[in-house]
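Colleague: Chain by chain, the residues:
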Amino acid sequence: MEIERHEYDVVVIGAGGAGLRAAIEARQQGKRTAIICKSLFGKAHTVMAEGGAAAAMGNVNSDDNWMVHFRDTMRGGKFLNNWRMAELHAKEAPDRVWELEAWGALFDRTKDGKISQRNFGGHEYPRLAHVGDRTGLEMIRTLQQRVVALQQEDERRHGDAEAYIKVFAECTVTRLLKDGDAVSGAFGYWRENGRFVLFDAPAVVLATGGIGKSYVVTSNSWEYTGDGHALALLAGAKLINMEFIQFHPTGMVWPPSVRGILVTESVRGDGGVLKNSEGRRFMFDYIPEVFKDKYATTEEEADRWYTDQAGNRRPPELLPRDEVARAINSEVKAGRGSPQGGVFLDVSSRLPAAEITRRLPSMYHQFKELADVDITKEPMQVGPTCHYIMGGVEVDADTGAASVPGLFAAGEVSGGMHGSNRLGGNSLSDLLVFGRRAGAGAAAYVDGLRARPKVAEDAVEAAKAEALAPLERSGENPYVVHQELQRTMNELVGIIRRSEEITEALEAVGKLKERAEHVGATGSRIYNPGWHLSLDLRNMLLVSECVAKAALLREESRGGHTRDDFPGMSPEWRRRLLSCALGPDGSVTVEEEVQPSMRGDLIRLFERDELKKYMTDEELADFDALVKE
Amino acid sequence: MSYKAKFRVWRGEGGEGRLEDFTVEVNDGEVVLDIIHRLQATQAPDLAVRWNCKAGKCGSCSMEINGKPRLGCMTRMSTFAEDETITVTPMRAFPVIKDLVTDVSFNYQKAREIPSFTPPSDVKPGEYRMQQIDVERSQEFRKCIECFMCNNVCHVIRDHEENKPAFAGPRFLMRIAELDMHPYDVADRKDAAQEEHGLGYCNITKCCTEVCPEHIKITDNALIPMKERVVDRRYDPLVWLGNKIFRRSDAKR
Ligand SMILES: Cc1cc2nc3c(=O)[nH]c(=O)nc-3n(C[C@H](O)[C@H](O)[C@H](O)COP(=O)(O)OP(=O)(O)OC[C@H]3O[C@@H](n4cnc5c(N)ncnc54)[C@H](O)[C@@H]3O)c2cc1C
Ligand code: SF4
Ligand code: SF4
Ligand code: FES
Numbered sequence: 001m002e003i004e005r006h007e008y009d010v011v012v013i014g015a016g017g018a019g020l021r022a023a024i025e026a027r028q029q030g031k032r033t034a035i036i037c038k039s040l041f042g043k044a045h046t047v048m049a050e051g052g053a054a055a056a057m058g059n060v061n062s063d064d065n066w067m068v069h070f071r072d073t074m075r076g077g078k079f080l081n082n083w084r085m086a087e088l089h090a091k092e093a094p095d096r097v098w099e100l101e102a103w104g105a106l107f108d109r110t111k112d113g114k115i116s117q118r119n120f121g122g123h124e125y126p127r128l129a130h131v132g133d134r135t136g137l138e139m140i141r142t143l144q145q146r147v148v149a150l151q152q153e154d155e156r157r158h159g160d161a162e163a164y165i166k167v168f169a170e171c172t173v174t175r176l177l178k179d180g181d182a183v184s185g186a187f188g189y190w191r192e193n194g195r196f197v198l199f200d201a202p203a204v205v206l207a208t209g210g211i212g213k214s215y216v217v218t219s220n221s222w223e224y225t226g227d228g229h230a231l232a233l234l235a236g237a238k239l240i241n242m243e244f245i246q247f248h249p250t251g252m253v254w255p256p257s258v259r260g261i262l263v264t265e266s267v268r269g270d271g272g273v274l275k276n277s278e279g280r281r282f283m284f285d286y287i288p289e290v291f292k293d294k295y296a297t298t299e300e301e302a303d304r305w306y307t308d309q310a311g312n313r314r315p316p317e318l319l320p321r322d323e324v325a326r327a328i329n330s331e332v333k334a335g336r337g338s339p340q341g342g343v344f345l346d347v348s349s350r351l352p353a354a355e356i357t358r359r360l361p362s363m364y365h366q367f368k369e370l371a372d373v374d375i376t377k378e379p380m381q382v383g384p385t386c387h388y389i390m391g392g393v394e395v396d397a398d399t400g401a402a403s404v405p406g407l408f409a410a411g412e413v414s415g416g417m418h419g420s421n422r423l424g425g426n427s428l429s430d431l432l433v434f435g436r437r438a439g440a441g442a443a444a445y446v447d448g449l450r451a452r453p454k455v456a457e458d459a460v461e462a463a464k465a466e467a468l469a470p471l472e473r474s475g476e477n478p479y480v481v482h483q484e485l486q487r488t489m490n491e492l493v494g495i496i497r498r499s500e501e502i503t504e505a506l507e508a509v510g511k512l513k514e515r516a517e518h519v520g521a522t523g524s525r526i527y528n529p530g531w532h533l534s535l536d537l538r539n540m541l542l543v544s545e546c547v548a549k550a551a552l553l554r555e556e557s558r559g560g561h562t563r564d565d566f567p568g569m570s571p572e573w574r575r576r577l578l579s580c581a582l583g584p585d586g587s588v589t590v591e592e593e594v595q596p597s598m599r600g601d602l603i604r605l606f607e608r609d610e611l612k613k614y615m616t617d618e619e620l621a622d623f624d625a626l627v628k629e
Numbered sequence: 001m002s003y004k005a006k007f008r009v010w011r012g013e014g015g016e017g018r019l020e021d022f023t024v025e026v027n028d029g030e031v032v033l034d035i036i037h038r039l040q041a042t043q044a045p046d047l048a049v050r051w052n053c054k055a056g057k058c059g060s061c062s063m064e065i066n067g068k069p070r071l072g073c074m075t076r077m078s079t080f081a082e083d084e085t086i087t088v089t090p091m092r093a094f095p096v097i098k099d100l101v102t103d104v105s106f107n108y109q110k111a112r113e114i115p116s117f118t119p120p121s122d123v124k125p126g127e128y129r130m131q132q133i134d135v136e137r138s139q140e141f142r143k144c145i146e147c148f149m150c151n152n153v154c155h156v157i158r159d160h161e162e163n164k165p166a167f168a169g170p171r172f173l174m175r176i177a178e179l180d181m182h183p184y185d186v187a188d189r190k191d192a193a194q195e196e197h198g199l200g201y202c203n204i205t206k207c208c209t210e211v212c213p214e215h216i217k218i219t220d221n222a223l224i225p226m227k228e229r230v231v232d233r234r235y236d237p238l239v240w241l242g243n244k245i246f247r248r249s250d251a252k253r
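Same order as they appear, the protein sequences are chains Y and Z. Its first residue numbered 1, the first sequence is counted upward by one per residue in full-length UniProt numbering. Its first residue numbered 1, the second sequence is counted upward by one per residue in full-length UniProt numbering.
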């Protein structure tokens with residue numbers, strides 16, 4: 001059968017915030033751009049984001065600026081972040097948010113008519129631009145409508161709406177293609193009819209999001225099978241920081257079928273408090289040393305903070321997510337959990353009912369409809385859920401370029417920006433800032449090419465055979481293999497980790513890899529979920545192997561990586577990044593890389609007292625020398 | 001806590017299909033989409049269904065449950081009796097691709113026919129100033145998760161394929177209203193709403209409003225006010241009638 005073929009300058013895989021912003025940029029720079037996504041247009045995971053997009057616009061507190069945002073981001077990531085990315089992000093986020101407004105977004109407003117900003121964990125000032133608790137929907141719709149606006153422009157100009165930017169929805173990419181070292185295209189299938197499609201393109205931007213579907217309890221959707229992470233590995237790129245996974249402290253715990261679904265952090269940002277079965281606001285017992293002077297030590301002070309932020313310290317419920325998730329985990333383990341195995345999150349005793357339904361409409365809706373709980377009258381029960389992967393494709397901060405020529409990555413699939421732990425709200429802004437940069441990077445790369453890389457026909461044949469294999473054999477049910485993988489990762493490489501368990505997980509993943517090669521899919525090629533899952537297994541298993549191998553090597557606890565057997569944070573380890581690649585035998589190899597030192601003007605934004613909690617004596621000596629100059 | 005439910009699910013592809021019977025386990029707190037997933041994992045691995053968020057936020061899992069358009073992920077099993085047979089079929093107004101998955105390209109086509117947000121040329125990003133009260137009207141419509149169930153039930157197109165070219169459907173008529181009420185939109189949308197997008201076809205039956213999972217008052221807050229804005233220039237008897245109905249029921253509250 002002939003394969004459907006398309007030629008583009010830039011192919012963007014993913015139609016979430018990062019992918020759409022990248023595609024818009026590439027098209028605005030005159031490149032013929034394709035957007036490919038597994039779901040319908042406008043349904044990507046970004047749509048689920050609730051709380052907001054962090055940008056130091058200073059609309060609510062004029063003391064805010066990019067330097068404060070930069071500091072908060074580095075602190076949140078425990079200083080493991082790619083500081084150049086954190087810098088670009090903090091500087092450019094406001095422009096990216098304002099741009100959305102010029103494309104039709106309607107954020108909630110301040111009294112003087114500006115974009116309103118809300119408090120969130122780890123952010124010193126109210127910083128999250130938001131629309132109630134459906135900010136992701138606003139963002140995706142605005143970007144979607146911007147793509148449509150560009151198509152209307154092309155229709156007027158060229159008589160063809162899809163001449164310069166076209167969406168290939170419900171289309172899944174299974175392989176990247178190369179010509180020598182460089183990217184030459186992408187291969188995939190249409191979900192609707194199972195037919196194959198080939199994109200011939202010199203530049204590919206990965207914007208495929210995360211990996212949560214390797215875990216049982218997750219806030220992520222079926223799309224999060226780590227496709228982009230795996231495609232990058234298979235194409236020869238490197239993944240960094242894969243051991244760092246964010247377990248969001250507040251997922252729903254009941255009923256079982258919705259376990260893991262997110263309860264937005266805005267509940268706490270707007271006044272909600274965490275309590276154990278004894279009614280105690282336990283977060284006061286879990287303020288870590290490094291944050292001691294920034295958080296309130298009494299309930300009175302914490303409560304005053306909501307109205308007077310200058311004179312009081314923040315409530316400890318708003319500590320970075322990794323701290324809160326571990327605290328909840330400890331409370332439950334100590335037998336002080338709620339009846340359904342979580343802890344209580346209460347906003348009902350803190351805000352009037354009308355205020356709750358106005359500020360948190362979709363949370364109200366979600367609990368009412370899915371759990372029969374009225375959050376204006378009673379507390380919610382919540383517990384940690386696998387939410388976000390900090391690790392991903394190693395990229396150049398300024399252009400989003402991966403080590404493979406022609407390959408770019410942005411959004412959750414890229415790594416570095418968030419270090420060992422992402423602050424809430426920093427993802428949506430990350431998508432905009434680095435989506436735009438990756439789109440521009442890809443456009444510039446295409447401009448600089450002398451010859452267009454060619455698609456190798458034998459690679460296309462191989463991709464075809466790989467994709468058809470599950471349909472051609474009768475083997476194990478892919479759903480069974482998937483469920484075992486999810487249980488393995490959840491139980492053995494979850495929120496708290498130890499050496500023996502990770503080793504056990506690696507063995508299990510090895511065996512599952514073999515089984516996955518023999519799963520069979522029944523039925524036709526038309527919209528066949530069993531077949532699709534059989535193909536996704538390769539990606540989930542590769543990603544899980546990266547996570548487990550890196551987690552085993554990193555012998556310290558930091559951010560989204562907690563080792564029971566190495567509970568402390570080590571300044572030595574802060575300088576070391578773990579980088580995963582694919583070995584010749586198809587298994588993952590991990591190497592150490594040195595984290596480059598922070599630029600002088602950036603490191604001077606911090607006090608020595610703070611740096612000494614994270615840095616080696618040698619680094620501190622360098623800092624002292626710098627300050628003396 | 002757990003029981004066996006009877007399900008009848010539409011199966012088929014390429015224009016042909018039939019209802020297939022299943023007996024399937026149901027546990028505490030589950031929704032219809034969970035049961036469809038259980039069927040996939042245990043009895044029908046190739047059963048096609050769309051879904052993403054499983055929390056009523058993405059609008060992917062629209063289906064008809066016992067003949068009513070619903071989100072599969074927000075329809076709790078506890079709303080049915082244990083001995084009831086639950087029939088699940090695809091949305092009726094759109095062509096079936098396979099099983100519960102329909103071809104919704106009609107909606108994307110219509111989206112592209114509505115002229116985009118048109119701000120004044122002299123306002124720069126960052127300079128927008130709007131009061132909360134002025135954005136709230138359009139914000140209500142921007143809650144739309146594009147489940148397309150309103151378009152699916154609207155009688156103008158539900159069983160009238162021939163009306164599809166001339167009628168944008170409630171979702172996109174509401175989009176016109178949203179832009180028309182946007183404090184910074186300067187395009188004139190009134191004539192086009194009537195002439196090109198078929199606002200006149202709507203006879204305010206409110207079926208769209210009834211199915212909207214986001215509880216957007218599509219008819220009262222978007223379509224009727226839009227008709228009123230059009231009527232500034234034209235005479236439309238339905239608006240006059242609609243107004244009366246609207247006011248009267250309003251007064252009762
Ligand atoms: C419930 C929830 C709430 C959140 N709230 C917030 C918040 O308030 N603030 C914040 O900053 N962050 C939040 N986050 C995190 C943030 O939403 C995500 O990290 C972010 O949206 C990821 O965006 P993305 O553009 O990288 O990818 P996504 O939006 O996930 O898009 C991925 C795209 O890639 C496509 N794709 C994947 N694989 C393939 C393939 N093989 N072939 C073709 N296409 C493919 C998918 O179809 C999809 O279009 C939240 C996350 C969740 C789960
Ligand atoms: S109110 Fe108008 S748009 Fe809505 S269902 Fe009735 S006729 Fe269709
Ligand atoms: S208006 Fe309501 S029913 Fe219509 S598409 Fe949007 S969310 Fe669905
Ligand atoms: S799966 Fe998203 S609305 Fe049902």
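In short, the hints are calculated from the structure, not lab data. Don't take each hint at face value.
Derived PhoX-like pairs (lysine-lysine); straight-line CA-CA distance at most 20 angstroms [claimed, not checked]:
| hint | chain 1 | residue 1 | chain 2 | residue 2 |
| --- | --- | --- | --- | --- |
| 1 | Y | Lys114 | Z | Lys124 |
| 2 | Y | Lys91 | Z | Lys124 |
| 3 | Z | Lys68 | Z | Lys190 |
Colleague: So, for every hint listed, does it hold in this structure?
Modeller: Taking the hints in turn, this is what the structure says about them:
1. Only pairs whose Cα atoms come within 20 angstroms are accepted, and Y:Lys114 paired with Z:Lys124 is accepted, the gap being roughly 13 angstroms.
2. Proposed proximity of Y:Lys91 and Z:Lys124 is supported: the alpha carbons are some 18 angstroms apart, at most 20 angstroms.
3. Proximity of Z:Lys68 to Z:Lys190 is assessed by CA-CA distance (about 33 angstroms); at most 20 angstroms being required, the pair is judged violated.
Of the numbered hints listed earlier, the single one contradicted by the structure is hint 3.
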